[in-house]
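Chains as they are written, first to last, in the numbering used here: chain A, 89 to 407; chain B, 89 to 407; chain C, 89 to 407; chain D, 89 to 407; chain E, 89 to 407; chain F, 89 to 407.
There's no promise every hint is true.
When chains are identical, the list treats them as one kind, so a pair holds in a single copy or across two.
[Stated by the list, open to error] With a cut-off of at most 27 Å between alpha-carbon atoms, the simulated BS3-like pairs for lysine-lysine come out as follows: (1) LYS323 <-> LYS287; (2) LYS197 <-> LYS112; (3) LYS208 <-> LYS287; (4) LYS112 <-> LYS287; (5) LYS404 <-> LYS197; (6) LYS268 <-> LYS112; (7) LYS404 <-> LYS287; (8) LYS197 <-> LYS287.
Quick caveat, the hints were computed from the structure, so don't treat them as lab data.
Only a predicted model underlies this, so the values are computations on that prediction, with no experimental measurement involved.
Protein chains: 6
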Amino acid sequence: MSTHGYDSGRLNLPFVGIATFAKKPYAPDWENLHADVAVLGAPFDGGTQWRPGARFGPRAVREASTLFAFGHAGAYDHEDDATYLGEDVTIVDMGDADIIHTDTEGSHKNIETGVRAALKAGALPVVIGGDHSVNIPCIRAMEGQGPFHIVQIDAHLDFVDERHGVRHGHGNPMRRAAEKPYVTGLTQIGIRNVSSTAKEGYEDARNMGSDILSVRQTRALGPQQTAARVPQGAKLYLTIDIDAFCPSIAPGTGTPSHGGFLYYEVLELLQSLAQNHEIIGIDLVEVAPDYDPTDSTAILAAQLLLNLLGFIFHQKQRR
Amino acid sequence: MSTHGYDSGRLNLPFVGIATFAKKPYAPDWENLHADVAVLGAPFDGGTQWRPGARFGPRAVREASTLFAFGHAGAYDHEDDATYLGEDVTIVDMGDADIIHTDTEGSHKNIETGVRAALKAGALPVVIGGDHSVNIPCIRAMEGQGPFHIVQIDAHLDFVDERHGVRHGHGNPMRRAAEKPYVTGLTQIGIRNVSSTAKEGYEDARNMGSDILSVRQTRALGPQQTAARVPQGAKLYLTIDIDAFCPSIAPGTGTPSHGGFLYYEVLELLQSLAQNHEIIGIDLVEVAPDYDPTDSTAILAAQLLLNLLGFIFHQKQRR
Amino acid sequence: MSTHGYDSGRLNLPFVGIATFAKKPYAPDWENLHADVAVLGAPFDGGTQWRPGARFGPRAVREASTLFAFGHAGAYDHEDDATYLGEDVTIVDMGDADIIHTDTEGSHKNIETGVRAALKAGALPVVIGGDHSVNIPCIRAMEGQGPFHIVQIDAHLDFVDERHGVRHGHGNPMRRAAEKPYVTGLTQIGIRNVSSTAKEGYEDARNMGSDILSVRQTRALGPQQTAARVPQGAKLYLTIDIDAFCPSIAPGTGTPSHGGFLYYEVLELLQSLAQNHEIIGIDLVEVAPDYDPTDSTAILAAQLLLNLLGFIFHQKQRR
Amino acid sequence: MSTHGYDSGRLNLPFVGIATFAKKPYAPDWENLHADVAVLGAPFDGGTQWRPGARFGPRAVREASTLFAFGHAGAYDHEDDATYLGEDVTIVDMGDADIIHTDTEGSHKNIETGVRAALKAGALPVVIGGDHSVNIPCIRAMEGQGPFHIVQIDAHLDFVDERHGVRHGHGNPMRRAAEKPYVTGLTQIGIRNVSSTAKEGYEDARNMGSDILSVRQTRALGPQQTAARVPQGAKLYLTIDIDAFCPSIAPGTGTPSHGGFLYYEVLELLQSLAQNHEIIGIDLVEVAPDYDPTDSTAILAAQLLLNLLGFIFHQKQRR
Amino acid sequence: MSTHGYDSGRLNLPFVGIATFAKKPYAPDWENLHADVAVLGAPFDGGTQWRPGARFGPRAVREASTLFAFGHAGAYDHEDDATYLGEDVTIVDMGDADIIHTDTEGSHKNIETGVRAALKAGALPVVIGGDHSVNIPCIRAMEGQGPFHIVQIDAHLDFVDERHGVRHGHGNPMRRAAEKPYVTGLTQIGIRNVSSTAKEGYEDARNMGSDILSVRQTRALGPQQTAARVPQGAKLYLTIDIDAFCPSIAPGTGTPSHGGFLYYEVLELLQSLAQNHEIIGIDLVEVAPDYDPTDSTAILAAQLLLNLLGFIFHQKQRR
Amino acid sequence: MSTHGYDSGRLNLPFVGIATFAKKPYAPDWENLHADVAVLGAPFDGGTQWRPGARFGPRAVREASTLFAFGHAGAYDHEDDATYLGEDVTIVDMGDADIIHTDTEGSHKNIETGVRAALKAGALPVVIGGDHSVNIPCIRAMEGQGPFHIVQIDAHLDFVDERHGVRHGHGNPMRRAAEKPYVTGLTQIGIRNVSSTAKEGYEDARNMGSDILSVRQTRALGPQQTAARVPQGAKLYLTIDIDAFCPSIAPGTGTPSHGGFLYYEVLELLQSLAQNHEIIGIDLVEVAPDYDPTDSTAILAAQLLLNLLGFIFHQKQRR
């Protein structure tokens, strides 16, 4: 018998209460995490090359996630006839990694510490950026969890090696990841248009084992066939740059790029990946609320993350 | 021979003049309405569960409708090769129902009074919300007009029976409507994602005769086949929650939900319904201009309503 | 020897971390509050007569308060050569009272419950609205704490008795308060311009013992002389409507009124009141972030509250 | 005995109803105006030299004026202990003059027609711009009402004669006015900073009889002494450019200029002028709502106009 | 061997530096232009019929274009495996045509002068509006370059002959163009919904040789077949009104119209046209940044123009 | 005889043309600067502790400065009866220093290079930030220009020595400056409220020779007496943090603080300083346009800088 938060206690409307992720418990004691999922904010945007502001991404996604925090015993989806994220799935909000202005390396280290804490506790780490450079400490923290494959959903290849000495900005993370011995390969989906990665970056990526797909190529394949290009049986780390989406639904990001994905294209791809792979880590980056006057981008990020977590744990229960 | 307002008198550009609906005459004397269509504002948003502001929906839709109020003798559509809403179709703006803050029941009664006045005058009532709870007094006012079927276009099922004593908020209207003896059934289109209606609500709805279709299901059917699921020959009441649409074109609403309809999907469905059924009442709700910095949502609402009215009266003339 | 949060542990920049009030601990267990100050959100805006949105006031003020949550051991003010709110003053954030849409009375009861919990714990209750109607349950909760005097800082008299049956909207709270036997009188400061209170309301207020001062009258008196009009030795409840301030610094409110107070005028008045009276309860209402695109209003509210709390506890330590 | 709209009929909250000026009756039949005051919108902004958008000024001021349209029998001001604009003062909203894009002269003629209609009906014309060039047709329409003096409240002198052939833009109106034989002189108040008028313009203005006062000079004089510089007994036409005010309260204008007036400075000046002179015409221009995200500017314009009308008719009743 | 700006000198991130188009050299000396492409701003919006502000279009598009101005030796597109706009293609920014407020004809003449200067220098003129009326002087300047065909991508037909004397507003340009002896015909793509052009305008257009296609018709044909309807071998002038696009990605425009194009639909059409025709002139109009709070519209315009220029010169190099 | 740009050539309205500072010539060749004033953008915001976005400050101030770039032969100020910045004062815009994301030191070096180039050319350097950390390389570049005194106008003391290793963020510049042997002392004006500088910072500052004045203290002294506290005869470097101003006129900044300066307070102080001292360098920092929806802050910055430059060169001409 299902029990609703509605039935007793608080009605708990979305606009009421402290804005943790999905109104889940705040767990500031990283030594004592007990949860299936540990959400960590990584409010660093020192790696941006155009519009900053992703430092406010974690707060914006948390605020938006309250829309999906009705007091149900899980979220019923009538299309799938499934109830996702029931009480058997425990989620905590770790708060944010400490950020040190003017110090990229120090900030990155603090993010790495947080992810390692989540992993040590056996929780699935879900990191909310911040700019895409926060993926660098995330992948560092995944050392020892591998080998694993990375699926990147993004407008930009982010495969710059080094330029003017910069190796840890938001144009570099996929190159840094590909260099790791425990990363077996990358599937880079949604890549389009001109960006900071030059032609050589694409060649390097392919040489280092990347499968690069544009939006139009992905659309032609469909979500299932796209998912099928990911090596069978591989454990997956997912890195989702919100600018993979069309600016029509995700304008609130540093470097928007027209021609991006619509909602179901990514949702169904993620559902397919969740059904066929073990997901061992997630980051969602580049939500910049100052460019999101309608909250559309933050709502998208929250809705996507909660659905993705639903798919992952629904699959686990089936197994 | 057609005559244009352009040819004589005022040029009447959209930005000029008092913002009544489509710049049609204001008819504050509800005892003496003489028109085919009577537009009523219902600026009540006390039923919202997240972002308020739909109380400014009627003014925003009126303002946006002035864009479509050029001085033509009707609106020529080159795709249909038809002139819609010529001088033979009379429209008046009744102004707004009186709203009493902190008093849901009193406000709803005033809305009901307005709709009854329109119906008594033989006019098609078109109510601009306000939140979706304003549908409750609209359906009450339709007593004696039935039996009729309701087509709801919405992201949310709005089928909560009672929770913490609340029975007349914006999560309850379809349940309230389904309880009416003169409502023969509902077709609920665009329903998706988690919302305030739990699994039991879906079961109740189906048990009470609802046909529930998601955006993806509707898209797979196409507008004609979707329209064909509505009982043949039924008189229709249409209730359109603007959040049925994708946030890309309708961000200005209280509880946006990604994955919604695009413009032609709904337009063509409405056109098909108008061609095959008698439409006896319309409400369009949940436009919240404070979240609509580009006016895109209000323009959508105005454009949709004017096209829908065009379809309805074009069909009447054909008969 | 002072110790800074800076010296060890986290740098804790303002944009980092969960947004509780001043980043103070979240205390959801209202039966076990242990603090000098208990901050409660009251996100109810069903009492508004023009622009809604004060339901998001508590979150906005919390977010803004993080700007003042640097890791100091208290806040040093060089003008007063004083360190305010050192570690000896404990503050907790109770979260929000549960709000029930369409139900004013039920929502007000939940607010009252929260304030009573704070009082029972011996903490100074600080309530962040929500619209000014949330003052009604606050004053109800103060039963047994009196007799006390109310100082209201506001643009509007809020002294409507009843209109169309409405007695608990945001135009009524001061009338409701004046009716309480344990409220000995009111000083109403900043009142100006036309509003929902008609001439009779002013007469009633004066007859019930109010001292009404406009902005210009207050300005002519100066903060000290204004404070001196409050009955000597009276315990005070402070209710601050942010629209008392000039729209230049507080545009984010439902019913702004030009000609309001500037910052130091209110700050110095509050400092004077805190130095000469025991403050037994505080509410700050009508911050509506949807009309505050620069965050100026929320920052004002947070800056004012933290300074006020500093003055109160600085004075207590002196005694 | 006063009667309130509140007592019977509609509560008529500000957000309810069609947005005419102060919710007064719409009077589109300019041949049959019967009112003490006739408000005319002049939505022309083709004369602007920086940011356009004043064409939406009339609608924005009307919308803001609804805040002051509570159902009172007049507006009670406790500072003056006076009830302004009771039922004995009749106000109508004429709607807008017809504007013809690309045609300055044609648009201006239509504005002149409207003002003449108001004057013919014996009503006080109150024109809401539009940019300051709309003052040109207003002054043309005043032919036969003179001789009269003009009081301009503005940041800019607007005294350019001709430049690149332009003689009827928003930098020219005061020069055009000064040329009229029935204009006896100008008092130009609030003038400051660099603008389109060069040094020669100032010299010309003084030679043509202008008294030019900066904000600081006006502030030093005070409102009474400033008012006293206006020729005794002169009939007055008032032209108020909203950019006379400080951008802190009036950011929503085409060419803001820091260092402007605060609210009471202008209010008290207008009150003094109203008490000592017959006011025969008013325009208020340059409200550009696209730069007014908080509505502060439009609210200022509405609040100021309604108070000014109150002062004028209060004085008439005294006589 | 490719050389990057990155390798030496400045990193030149998008947010750094003076905002000329794509950070290309500013060429104010129109007598001495030496470039393949000459970009001219035409900041005139006196021809608009609803929301103004396109006068700030050139600055907004320039600012947005800096996002695509990384220091690459051209822009690599991995889908086409092509590097566009390498160092062999020279682009200059001519700045803006001088605009004279209140003077449509004078402003148009100055635009014409600029386009003629570009043509005289042998450069491809690219004009950034401004409203669509700026197409009128562009087509005038093309005298002597013809005969040529015009491809218009737009929501509106813009084929009004004359109304209230207006012949050079933003509803008239295609009619004015069709009258030119050197314009051989028009293909008008994206036309939909009601607008200022009445039924007669459509008939006139067809009689004067126009091929009119709605969005849905274009979508059904696909980009290649749409392009194939343009007369083979014709030299083309392209006029792109940004409101051809769906408001979801192009809200920042004066008269948005729902149901517009998505990104790739137009991109692929332009690519096909560039591959099969000589493009002799381009204008892109109606970007109004005041309605574009996320910069999405300006980014779309910049991204589209740079891709279009890439296609054109890529094709030239192939020949 | 004065000559106006108006008389011949272009009308050059503010919204027309490339947005360099005051539309002055762009001088990208730093080896060959020939001007009295050299304006340099320093778009670095990696030093911010709350809201970022000052990287877009230079572009915003340039855009706003076009409002003051009418084609006059200088700007006539009727209050001073003076024409400022006539043709005898030459100003160039150097563009921006190159910024390297994630690299504070590298970015600061590039700023230092720019300032040194201006100084070497004998021009007065005027640096537009960027966050206040850009003052650090400015003061470094001033080596060899001293000894000089610094006047800082700011809300915050910015006197943190080191914290978590950070020594070059926006909370550190005045400490860094005070350490320089060629800096003889500081006058720190406008300092108020809590900030990142703790009590020790104030003590350190006073020990190192600072004169610290709050807004209220400055206001009590008046501009002349405040200026008189600066050591007589000292050469001055001025650093102006826009957050010194009241958020009512300067909301567009990273860390606003209520209770700041109004316009004339700072203007008159700067005028007094310019009349009595040689000004050898200027920076104006922390304009963050993403929080400045009305452009009020950027306009303030531009208006202030242009007046300040006018005062400086007017004084030089007198000598």
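Which of the listed hints are broken here? Structure breaks hints 1, 3, 5, 6 and 8.
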